[in-house]
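Peer 1: Next come the chains, spelled out residue by residue.
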Amino acid sequence: MDIITFKNFSWKYSGYRGWTLHDINLSIAKGEFIGIIGKIGSGRTTFCSSMLGLIPHFYPGIMEGEIIIDGVNVEKSSISKLSSIVGLAFQSPSNQLTGAGTTIEEELAFGLQNLGVPYEEMHKRVSEMLKIIGLEKFRKRSPFELSGGQQQKVAIASVLIMNPKILVLDEPTSQLDPLGTEQVFDLVKKLSKKGITIIMSTNNIDYLSKFADRIILFDNEVVKVDTPKKILTDIELLKKHSLTHSVITDVSMKLKKYGLYHKDLIIDFDELKNVIKGMIK
Amino acid sequence: MSIVQAKDLYFEYSKGVSVLKNVNLSINKGEVVAIIGQNGSGKTTLVKHFNGLLRPTKGEVLINDEPSVKKTVAELSHICGYVFQNPDDQIFNSVVEEEVAFGPSNMGMKGIELKLRVDESLRTVGLYEKKKKHPLDLDLNQKKLVAIASIVAMNPELIILDEPTTGQDHAGLIMVEALINTLRKTHTVIIISHDMNLVARVSDRIIMMCSGEVIFDGLPKVAFTKNALMKKTYLKPPIITELAQSIKGFRRDILTVDEFMDELMLLRKKRK
Amino acid sequence: MASIGIISYIERDSYFHKVNPLTKLLILLCVIFMSFAINNFIFILLLLVLIIPIAIKSKVLSMTFNPIFKLYFMFALLFIIQGLFHPYATEKLIDLPFGFILWKDGLLYATYIASRIFVMMVFGYWFVLTTHPGDLVSSLARIGLPHSIGYIILTTLQIIPRIGGQMKTIIDAQRSRGLETEGSLIQRVKSFMPLLGPLFMGSVQQAVEKSMALEARAFSAIGKKTSYRKTEINFADKIIMAGAVIFSITWWWLSWTL
Chain A
1 MDIITFKNFS
11 WKYSGYRGWT
21 LHDINLSIAK
31 GEFIGIIGKI
41 GSGRTTFCSS
51 MLGLIPHFYP
61 GIMEGEIIID
71 GVNVEKSSIS
81 KLSSIVGLAF
91 QSPSNQLTGA
101 GTTIEEELAF
111 GLQNLGVPYE
121 EMHKRVSEML
131 KIIGLEKFRK
141 RSPFELSGGQ
151 QQKVAIASVL
161 IMNPKILVLD
171 EPTSQLDPLG
181 TEQVFDLVKK
191 LSKKGITIIM
201 STNNIDYLSK
211 FADRIILFDN
221 EVVKVDTPKK
231 ILTDIELLKK
241 HSLTHSVITD
251 VSMKLKKYGL
261 YHKDLIIDFD
271 ELKNVIKGMI
281 K
Chain B
282 MSIVQAKDLY
292 FEYSKGVSVL
302 KNVNLSINKG
312 EVVAIIGQNG
322 SGKTTLVKHF
332 NGLLRPTKGE
342 VLINDEPSVK
352 KTVAELSHIC
362 GYVFQNPDDQ
372 IFNSVVEEEV
382 AFGPSNMGMK
392 GIELKLRVDE
402 SLRTVGLYEK
412 KKKHPLDLDL
422 NQKKLVAIAS
432 IVAMNPELII
442 LDEPTTGQDH
452 AGLIMVEALI
462 NTLRKTHTVI
472 IISHDMNLVA
482 RVSDRIIMMC
492 SGEVIFDGLP
502 KVAFTKNALM
512 KKTYLKPPII
522 TELAQSIKGF
532 RRDILTVDEF
542 MDELMLLRKK
552 RK
Chain C
554 MASIGIISYI
564 ERDSYFHKVN
574 PLTKLLILLC
584 VIFMSFAINN
594 FIFILLLLVL
604 IIPIAIKSKV
614 LSMTFNPIFK
624 LYFMFALLFI
634 IQGLFHPYAT
644 EKLIDLPFGF
654 ILWKDGLLYA
664 TYIASRIFVM
674 MVFGYWFVLT
684 THPGDLVSSL
694 ARIGLPHSIG
704 YIILTTLQII
714 PRIGGQMKTI
724 IDAQRSRGLE
734 TEGSLIQRVK
744 SFMPLLGPLF
754 MGSVQQAVEK
764 SMALEARAFS
774 AIGKKTSYRK
784 TEINFADKII
794 MAGAVIFSIT
804 WWWLSWTL
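Chains A, B and C are the protein sequences, given in the same order.
Everything in the first sequence is counted per the working numbering, starting at 1 for the first residue and increasing by one.
Everything in the second sequence is counted per the working numbering, starting at 282 for the first residue and increasing by one.
Everything in the third sequence is counted per the working numbering, starting at 554 for the first residue and increasing by one.
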């Protein structure tokens, strides 16, 4: 069951010369974990924003083609309507905090207040969400006092609390330290297991190789859509689009070069570990 | 010959809240030092003492053997250049070359001398072709290079790069690494970073911080074998090191893929 | 916590903390009305007698008066300037050296102004200390304040303290490039330009990202909004409100007749 469909979608920002995204055709099934990779300027953020309807409703520009999210036509609908289907979180941990609440629980509740969710239901969801992100003890603290990783979890939880079917994360960990990154990635893994459709744009290909069902490589158009293994081992393709393969893949390449290994290139840490172990037994 | 020295350095923002405790270190000319540690461990607080943005609460900081407190920030910036993490916090001119000229012109440079200095810095970071562009037309990678060029143009002996690769893509990372390797020939470099792979490749020395204290100061090879210390400050070694450490028989201090392959060949030979 | 400069809401378990924000707002407005409408400064100062039991019942007595004492310099200046230079002064009090004269009307005028400011500030501080900004906004929303304006109030209170921090980062970044921020007035003015650009751009950037975050939380959704915190107007509130209005009018009338 496809929950997201892009048909010949193109977008040009007002005042820019070229098309940021050109002729995108994609289908994403319910429950999939999709990884988005591409260099800076390849259109990843535009792609992520379009699923919430920020493109075309927030940014001025020209749109062609259509985007259907859970049966709703993005161009004909509104951001408010889409926000109950799609939760969008982006890079900057602190800029996503609305400041509408002086405490974390109020920040989480903000979206529900806007949707007119009843008092009891609101409080129930806030308590549940605090548990899911592991910040129950911080309930009454100001969101601005938290670390980057915790703020990012609050930002994600603040959209998740609206029960969207799809969670879109635009480089959620690029400004975080290793601990923060781990906290966010663990949360995303947990959510993916619950069946939420996840779309995540990131440079962390090691994480994607472990958890993504498919990866989309962008370079102002869809260059390739395939399994992590197929894309992350296509060395020439990655290079052509200013990306690189992981250290794990690099090692497997060298093993091949030395004639020690003859199977497919590897992207998984544990798989490589076992192959090497076998070589020195 | 030391360029920066910290002696029994303590720093508190407000009474009782120690952000730096008992820091003792010495950075020598020509070194490339990486300072690593969790956010909040005191890395930025420490380097801000090197150009005088912060002054010690207790203890002292010596720059070229003179106490930092004797000079103003502007004076210290001629010796210690600090490139801030977010280029948007400093870029205010509408032309790249004017932006880069800001620092040296504050030092009193003008005319031909200034122009030559600006051109030279832009060439060093690889942005010479973009010198007439508007900074807003640049992407993040290039903006970071502009920020670095604007400090290089002041020709300080020490250049501090605060998280130069955060938020960058692969192309950006390559540019920054190449730049560090160029700068190390003529400058002392301190880099604060979360990218352990980069740190392993470029640094001569690693300073590991946790809760305001220096918990390790030594060779990268050794740093990444101190797993207990790394865990304390929520760090993981570079992925190749992690791989080597997870396989019995491998040396624990491997830093690069080439070293890994060499070790593998050695172990296979031994097996025979 | 949300704050306005040096004072902000303090969580306390007091009677007045539980009173509806609109009630407290009405009390404040009545005090402001009385300050301007009453011309007898003794009547104005007597209002301070009222605030003391109120502040005690709100458990914020010392905090209400504390900041005012820090402003004694401003009040002293007011008295000095009015005492010496009040226009059209006629009643001399004493002669001072160097030809200065201390005027009685000047001092009287200063007393009127000071008492007005003093009383409004004290009640104002009490209001801020006992009223949770979120409660205030949702109560105002109940009587018709558009929720976008309510949000602006809330977020401004939270963002202002943060702008200071941002400014500091920008200043530090430019100082690290040799910008001199201390020294002569001309130097200080010259140093302003490199600070404005990044601050402006940074603020614009932040505003854009925040707008997107708001959209992601259905900020533009049409329909009734609910509130996470419960506020209601009960019988006690109505009595206090009525009492405040009646008292204000009576007090004002008394000040005219006595």
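Think of the hints as simulated: they come from the structure by calculation, not from any bench.
Incorrect hints may have been included.
To be verified - Label pairs and their calculated CB-CB ranges:
{"#": "1", "chain 1": "B", "residue 1": "532", "chain 2": "A", "residue 2": "30", "range": "34 to 42 Å"}
{"#": "2", "chain 1": "B", "residue 1": "356", "chain 2": "C", "residue 2": "601", "range": "37 to 45 Å"}
{"#": "3", "chain 1": "A", "residue 1": "206", "chain 2": "B", "residue 2": "407", "range": "23 to 31 Å"}
{"#": "4", "chain 1": "C", "residue 1": "713", "chain 2": "A", "residue 2": "213", "range": "41 to 49 Å"}
{"#": "5", "chain 1": "B", "residue 1": "295", "chain 2": "C", "residue 2": "713", "range": "44 to 52 Å"}
{"#": "6", "chain 1": "C", "residue 1": "749", "chain 2": "B", "residue 2": "340", "range": "47 to 55 Å"}
{"#": "7", "chain 1": "B", "residue 1": "305", "chain 2": "C", "residue 2": "605", "range": "50 to 58 Å"}
Unchecked claim - Far from chain A, some chain C residues (derived; all Cβ distances over 12 Å):
{"#": "8", "residue": "566"}
{"#": "9", "residue": "630"}
{"#": "10", "residue": "653"}
{"#": "11", "residue": "660"}
{"#": "12", "residue": "666"}
{"#": "13", "residue": "687"}
{"#": "14", "residue": "690"}
{"#": "15", "residue": "704"}
{"#": "16", "residue": "707"}
{"#": "17", "residue": "742"}
{"#": "18", "residue": "778"}
{"#": "19", "residue": "781"}
{"#": "20", "residue": "804"}
Only a predicted model underlies this, so the values are computations on that prediction, with no experimental measurement involved.
The beta carbon of each residue, even a glycine, is placed where N, CA and C say it ideally should be.
Peer 1: For each hint, tell me whether it holds in the structure or not.
Peer 2: Verification of the supplied hints:
In this structure, residue 532 (chain B) and residue 30 (chain A) break the distance hint of 34 to 42 Å, their C-beta atoms being roughly 47 Å apart. The hinted range of 37 to 45 Å is not satisfied by residue 356 (chain B) and residue 601 (chain C), whose Cβ atoms lie roughly 53 Å apart. Range check, residue 206 (chain A) to residue 407 (chain B): about 28 Å between beta-carbon atoms, so the 23 to 31 Å window is met. Here the CB-CB span from residue 713 (chain C) to residue 213 (chain A) is close to 45 Å, well matched to the stated 41 to 49 Å.
Checked against the hint of 44 to 52 Å, the pair residue 295 (chain B) and residue 713 (chain C) fails, with Cβ atoms roughly 20 Å apart. Our hint of 47 to 55 Å for residue 749 (chain C) and residue 340 (chain B) is violated, since their Cβ atoms are close to 37 Å apart. As the Cβ distance of residue 305 (chain B) to residue 605 (chain C) is approximately 56 Å, the hint placing it in 50 to 58 Å holds. Against chain A, the non-interface label of residue 566 (chain C) holds: every CB pair exceeds 12 Å, the least being about 14 Å.
Every CB of chain A lies more than 12 Å from the CB of residue 630 (chain C), the least distance being 35 Å, so the non-interface label holds. Under the 12 Å C-beta cut-off, the non-interface status given to residue 653 (chain C) relative to chain A holds; the minimum distance is some 51 Å. Taking the minimum C-beta to C-beta distance to chain A, about 43 Å, the non-interface status of residue 660 (chain C) holds against the 12 Å cut. No beta-carbon of chain A comes within 12 Å of the beta-carbon of residue 666 (chain C); the shortest separation is about 35 Å.
With a least CB separation of 6 Å from chain A, residue 687 (chain C) falls inside the 12 Å interface cut-off, contrary to its annotation. The claim that residue 690 (chain C) lies off the interface is violated: its Cβ sits roughly 9 Å from the closest Cβ of chain A, which falls inside the 12 Å cut-off. Chain A draws residue 704 (chain C) into its interface by the beta-carbon criterion, the shortest separation being 6 Å against a cut-off of 12 Å. Its beta-carbon lying about 6 Å from the closest one in chain A, residue 707 (chain C) breaks the requirement of being farther than 12 Å from that chain.
Every CB of chain A lies more than 12 Å from the CB of residue 742 (chain C), the least distance being 31 Å, so the non-interface label holds. With a closest Cβ-Cβ approach of about 5 Å to chain A, residue 778 (chain C) is found to fall inside the 12 Å limit, against its non-interface label. Chain A draws residue 781 (chain C) into its interface by the beta-carbon criterion, the shortest separation being 4 Å against a cut-off of 12 Å. Every CB of chain A lies more than 12 Å from the CB of residue 804 (chain C), the least distance being 35 Å, so the non-interface label holds.
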